[in-house]
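K.L.:
Protein chains in written order, with the working numbering: chain A, 217 to 512; chain B, 11 to 403.
The hints are simulated quantities; they were obtained by calculation from the structure and are not laboratory data. Since this is a predicted model, take the numbers as computed values, not measurements. Take these hints with a grain of salt, some might be off.
Claimed, not checked - Listed next, the in silico DSS-like pairs over lysine-lysine satisfying Cα-Cα at most 25 Å (straight line):
no., chain 1, residue 1, chain 2, residue 2
1, A, Lys-483, A, Lys-334
2, B, Lys-129, A, Lys-237
3, A, Lys-424, A, Lys-321
4, A, Lys-499, A, Lys-270
5, B, Lys-273, B, Lys-221
6, A, Lys-237, B, Lys-144
7, B, Lys-256, B, Lys-273
8, A, Lys-424, B, Lys-237
9, B, Lys-237, B, Lys-351
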Amino acid sequence: MASSEMTGQQTVSSVRLEIQKIDCLPPIPSIAQDILIATNDDTIDMDDIAKIIKRDPALTARIIGMANSAFFGFGRNVTTIEQAIINVLGLDLVKGFALSLAMSKVFDLEKCASFDLKRYWCSAFLTAELASGFTNHIDSKEVFDPKQLYLYGLLHNIGILVLVHRFPNIMTELFTTSVEDKEKRLIDYENETIDFNHHQAGAWLGHKWKLPYEMIDIIEHHHDLSHQDRNSNLVILIGFCSRIARQWVLDTNYDPMQELEVIKTLKLNPDLLKSYLDKSHSKLSDIQKLVDDITR
Amino acid sequence: MKDIIEKLETPDILNNRFMQLLDSLSGIRTISNLGTQQLEKEQFIDSIMKTIIEHLEVEKASLYLLEKNSLKCVANLNWEQFITNESSINSNGKSYLLGEGIVGKTAANLQLIHIHNCKASDENLIKYETNKEKVGALICAPIMVNNTLLGVVELSHPEPNHFESWQEHSIVIYADLISMLLSNNKLLCDMQSIVDARTEELRHALEESEKLRARYEEMSVIDPLTKLYNRRYFFTEVSSTLARAKRYSQSFSLMLMDLDRFKDVNDTFGHECGDNVLTTMSEILSQFTREGDTLARIGGEEFVLALPETNNQGAIVLAERIRASIEEHDWKCNEDTMEIKISIGIATLADFNNEEILHDDIQLSDILRKADLALYFVKQHGRNGVKSFSAMS
Chain A
217 MASSEMTGQQ TVSSVRLEIQ KIDCLPPIPS IAQDILIATN DDTIDMDDIA KIIKRDPALT
277 ARIIGMANSA FFGFGRNVTT IEQAIINVLG LDLVKGFALS LAMSKVFDLE KCASFDLKRY
337 WCSAFLTAEL ASGFTNHIDS KEVFDPKQLY LYGLLHNIGI LVLVHRFPNI MTELFTTSVE
397 DKEKRLIDYE NETIDFNHHQ AGAWLGHKWK LPYEMIDIIE HHHDLSHQDR NSNLVILIGF
457 CSRIARQWVL DTNYDPMQEL EVIKTLKLNP DLLKSYLDKS HSKLSDIQKL VDDITR
Chain B
11 MKDIIEKLET PDILNNRFMQ LLDSLSGIRT ISNLGTQQLE KEQFIDSIMK TIIEHLEVEK
71 ASLYLLEKNS LKCVANLNWE QFITNESSIN SNGKSYLLGE GIVGKTAANL QLIHIHNCKA
131 SDENLIKYET NKEKVGALIC APIMVNNTLL GVVELSHPEP NHFESWQEHS IVIYADLISM
191 LLSNNKLLCD MQSIVDARTE ELRHALEESE KLRARYEEMS VIDPLTKLYN RRYFFTEVSS
251 TLARAKRYSQ SFSLMLMDLD RFKDVNDTFG HECGDNVLTT MSEILSQFTR EGDTLARIGG
311 EEFVLALPET NNQGAIVLAE RIRASIEEHD WKCNEDTMEI KISIGIATLA DFNNEEILHD
371 DIQLSDILRK ADLALYFVKQ HGRNGVKSFS AMS
């Protein structure tokens, strides 16, 4: 671990302090460009802006966090980009903020060479897409707003972006080794080599950015089946979608239907689940095309 | 285009400033909202500490309040405790005299102190900090109301030069809000204790007046309804009259009067009417009293008339006149005519033998008992009559 950004003295809490200094994560260049174009267009409306913003998890998280600031008085209850724009911030403020973010330094795609940005993006979009369908396709007793579920899926792995942004060298090493074993998850490598992981990192940023508490829960605990609190079903659902997405992106032999414990806990109907997943798998190629476009 | 964008740093700085401003305002909104809720002191102090940690990029915050001449830590919170939602109301045990340490110096000078780098700072000042190696930057702000010190709020962060001017400006506003909350709370508490004291005073006064009322009642000699003397007065007063009569061997008679079938009057015409009868009765009886006589109401419808220097014969004559005038009175209740009659029993000192009188054994109650027997005799023999004890048998 002979990297410049970490010295032997660094502790978990000093890493946390580093991460909590992050006010904004830089946008992806292509999205920054789209924003610059869109904000110069007077005819652009809320839907267009929301669509662009939702392509960048970091920007999405920042705007959600802003809308959840106590200053606006909505508590920590704003859970969709649409709500954030319409009810809280207003189109002008969001346009202005997105513009200023687009004009600042953009994400350096070269900085973390082995960080497979495309894989991260595909995984985030696919998780979001899968999660949002769980209100319509699955016989679940709990009812969630699909836009809200989409956002949870989109942001659940934001910790990876945080670590890549702040500790690119460390993450390069980790990604290089983790690619070799598809069964082993990134977080396992993190826990083996460094004292912190991207779940924690995402949660630390979530606190600093005032993300809704359930979102922080998802970011921190989404693969923890024993996690118990009032949002536990939601947390487990997003984790499930995340694992499906990752394995689809990596194209492994993983069969979601084998996760019997999850299916039982979430009271999912196996037949409906299977047909939903079969149908959703076709979206993978669309998402890959979109990601190619974003990371061009 | 990419090249230009990469070179621009101003938007970054502006974004950061915007976020910090938003955070600071969020904190102000949260704290000022505490003022609109009726919270206990501990509750709002806890919320203030949490707000500071959440919104000012502070790793640790402490609140010291002035007690006599020292500043005592009343609340203490760090980020980890904030995340796990621990209460901040746990003193770190620290206490500073005015002028002692950075907290004490802030209090003594009534001015904010910002130490950008504790490690490079004057040793004398920070030697009071036990965890000085963990404190990189420190801000202490006085909490004042009307130039009077209430306490000090202390913010710290492990990294030197962490705090910027926005935190310095913000904490001054927060300190003002805290002072408002504290002094409002104090006013409220003071008011409550004044109200409590007044309530206690009132309760005491009420108790006193209740005692007085009871005592007055005990001392009272007048029957409130008829305005005649009551039983207590009668016994005290007439006992001495009797003693005098015995000493000077004068005659003494007692007339016990009882309204006939008074219960029927109450039942038929109501208690208000019954009360009117008693009042009128008293007025009539009063007309027959001479100087020295004592007329009293000693029971519900029972009256007694003590007649010094009056013998049995005189008493009978007077009693007959009284009985007749009661019977002849035009008794009315609203439009209804009532029949009101009275029975009278008489006893005199002469009903006792000389031996008894000389030995001073005769009490008022003894004479009254004889009068009562005579009265009972009348009641048994058709009522509306007069009987003296000596004429019974």
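K.L.:
All hints, please: hold or fail.
P.N.:
Here is how each hint holds up against the structure:
no. : hint                  : verdict
1   : A/Lys-483 - A/Lys-334 : violated (33 Å)
2   : B/Lys-129 - A/Lys-237 : holds (21 Å)
3   : A/Lys-424 - A/Lys-321 : holds (21 Å)
4   : A/Lys-499 - A/Lys-270 : holds (17 Å)
5   : B/Lys-273 - B/Lys-221 : violated (34 Å)
6   : A/Lys-237 - B/Lys-144 : holds (18 Å)
7   : B/Lys-256 - B/Lys-273 : violated (38 Å)
8   : A/Lys-424 - B/Lys-237 : violated (85 Å)
9   : B/Lys-237 - B/Lys-351 : holds (21 Å)
Hint violations for this structure: numbers 1, 5, 7 and 8, all remaining hints satisfied.
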